[in-house]
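Engineer: Letter by letter, the chains look like this.
There are 2 protein chains.
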Amino acid sequence: MQRLTVELEERSYPIYIGEGLLQDPELLLGHIAGKQVCIVTDDTVAPLYLEQVRALLSGREVLSVVLPTGEAYKNWATLQQIFDALLGHRHDRRTTLVALGGGVIGDMTGFAAACYQRGVDFIQVPTTLLSQVDSSVGGKTGINHPAGKNMIGAFYQPKAVLIDTATLRTLPAREVSAGLAEIIKYGLIRDPAFLDWLESNMASLRSLDSSPVTEAIARSCAIKAEVVGADEREGGVRAILNLGHTFGHAIEAHQGYGTWLHGEAVGAGMTMALAMSERLGWIDHEHYRRAVALIRAAGLPVAPPPEMGVDDFLRLMSVDKKVLDGQLRLVLLRSLGEAVITADYPSDALHDTLRKDYP
Amino acid sequence: MQRLTVELEERSYPIYIGEGLLQDPELLLGHIAGKQVCIVTDDTVAPLYLEQVRALLSGREVLSVVLPTGEAYKNWATLQQIFDALLGHRHDRRTTLVALGGGVIGDMTGFAAACYQRGVDFIQVPTTLLSQVDSSVGGKTGINHPAGKNMIGAFYQPKAVLIDTATLRTLPAREVSAGLAEIIKYGLIRDPAFLDWLESNMASLRSLDSSPVTEAIARSCAIKAEVVGADEREGGVRAILNLGHTFGHAIEAHQGYGTWLHGEAVGAGMTMALAMSERLGWIDHEHYRRAVALIRAAGLPVAPPPEMGVDDFLRLMSVDKKVLDGQLRLVLLRSLGEAVITADYPSDALHDTLRKDYP
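Taken in order, these protein sequences are the chains called A and B. One point on numbering: in the numbering used here, the residue at position 288 of the first sequence is 288, and numbering is uninterrupted. One point on numbering: in the numbering used here, the residue at position 64 of the second sequence is 64, and numbering is uninterrupted.
So that you can see chain A by itself, here it is in the shape it has in the complex (with noise of 0.2 Å):
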């Protein structure tokens, strides 16, 4: 098991890394403080895990909440379902509640969990490659609008992330590859040597084979934890790890949420990301050129849905929590392994971006 620290002050929580992890109660009873708990996840993980994780906390008072599955359903209806059930059992402020399923489940719990009594704690256990190494860690939870993706949020970090390894098993290869996105993001953003090691291992990873997809993820959520740390609230520099979301997010919203992955949006996100950085002179083409290649390993897409227009982008990012007094700031690459976020580029090279022949 590999343990990692977020720094947050007194709002420090650990993140436990591991194949196995839900066969040991010590772990998660270790960070629940009351007699109730309440189970939050959907109608996918819960056949898969929800007795298991149930089986870990026995002596207490469990609840469960079995929501239905996809980021279509990730809006206050649903949300609501966890308020109703919480105050039909009477669950009072020392409540917990337990996040387990993929990021819209954590998205949602976490979300649930800062509203519900004005907030209470929550646990994540994130059972997707992409939550395990990205929406679990750090504090950003929510609900989408129907102008515009977790338009309604807050920052409410967990008490603690469990991620057992032993759930990617039951995960879809497609779902595999969106995860990927995520970890090949922290390479491009921060660790240009990352890079190196997911060219030479992106066959086993996946393949899923133990060891290096622990090793991915623990080196994923060490830099997630490090930017998080320096910067909760996404004053500046957190905002890096938007990498690719931007024009993902306009992807994800034209297609209807839940159409395309999270993941995938991500992926041709990023590629739209690096042909900018190669248009302003930033990175070379032979760093776009590798760049692409790897997201394209991972099974993920390299373009945006031909159908898209310059439009359509300029209309949906336009809502993006990015925008600061009218003006769209991306992230782009610096060079690879560096990433700003910045509003100062022409706007032809970001229109000219938007209508390239990809890939």
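No lab work stands behind these hints, which were simulated from the structure alone. Note that the structure is predicted; figures quoted are calculated from it, not measured. Treat each hint with caution, since some may be false.
All copies of an identical chain are treated as equivalent in the list; a pair is satisfied when it fits inside any one copy or across any two copies.
What the hints assert, rightly or not - In silico lysine-lysine, DSSO-like type, Cα no more than 30 Å apart, as pairs:
no.	residue 1	residue 2
1	159	356
2	35	356
3	322	35
4	159	322
5	356	322
6	159	35
Got chain A; can you put chain B on it based on the hints?
Structural biologist: Only chain B this time, still in chain A's reference frame:
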């Protein structure tokens, strides 16, 4: 003008109290960082003060959202109107929300600010006596759930609180009394000398004489600021601010939110808390009689609705946020001017309090 500070380290903020503060653009503009401002108010306050506040904001991009008036609308559907307006007008993370109105507007606007794009600035401009002395200070925000009041919310501090006592001139007498309930509360929990002062000044407070009203608001806010500064997230002492509120919330829920004013329910609820404190031998009958006389002199009810039985109270109080691990904690008086929060009372004392004939 009086100026107090709520001391919460990097979240500290000023409270300004005085007549005519809404004539002074500097005061409001000094706390607005970005170009965009969204004034949130209701259809009672809008015709009275919306244009006056809007006029203070020249040079900014000003949006206003006018919500239906009343506690019955303190719910998700109404909150959604704020999000829809902000997103419809592309307000970004640097926007500032201005809560112009009573406690319902302040609580909902603050919660909207807490959640919009995971948190934007907001300023409280309370226009009712109750919100000026209570809900606008301290960062409790939220909405109601059918199963309980303020069950969904956040601790989220404003950037400033602007209390213009001139706005009280348009307040119905019944709402002045409701505000006096919370003012009396501060004396009961923390400041016996303030109780003496209130006994001498009740008539001029009810007729809204400027000098005593400013004094009463400032003393109330000073006590609230001190308690909140010691315990922002209500881990302990802050709960004493809820004297009478557990009984009062049950009354409000039973009668339907908005039927009794919050302050009226708190008036009756404080009477019940006083009665239970006397029953436990913590205050003597003369103190009980004096306090109840003061509540009555403020124009407030000193008895719960006759149709509410013991079972109604127990059922409705069981969802109180002060319930921990199944135990209902109550705020009671150890002596006049000294509140405690405790679950350590004989259940008979509670039952007898609930079935007592009041006053």
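Engineer: The structure should be examined with respect to each hint, and the outcome stated for every one.
Structural biologist: Structure-based check of each hint:
In this assembly of identical chains, residue 159 and residue 356 lie within 30 Å of each other by CA distance neither inside one copy nor across copies; the values are 44 Å within and 45 Å between. Proximity of residue 35 to residue 356 under the C-alpha cut-off of 30 Å is found in neither arrangement, the shortest distances being 57 Å within a copy and 34 Å between copies. In this homomeric assembly, residue 322 and residue 35 come within 30 Å of each other (Cα to Cα) only across copies, at 15 Å, whereas the closest approach inside a single copy is 40 Å. In the homo-oligomer, the alpha carbons of residue 159 and residue 322 lie at most 30 Å apart both inside one protomer (27 Å) and across protomers (22 Å), since each shortest distance falls under that limit.
Proximity of residue 356 and residue 322 under a CA criterion of 30 Å is satisfied intra-copy only: 23 Å inside one chain copy versus 58 Å between copies. Taking identical chains as interchangeable, the C-alpha atoms of residue 159 and residue 35 lie at most 30 Å apart only when both belong to the same chain, with a minimum of 16 Å there against 37 Å between chains.
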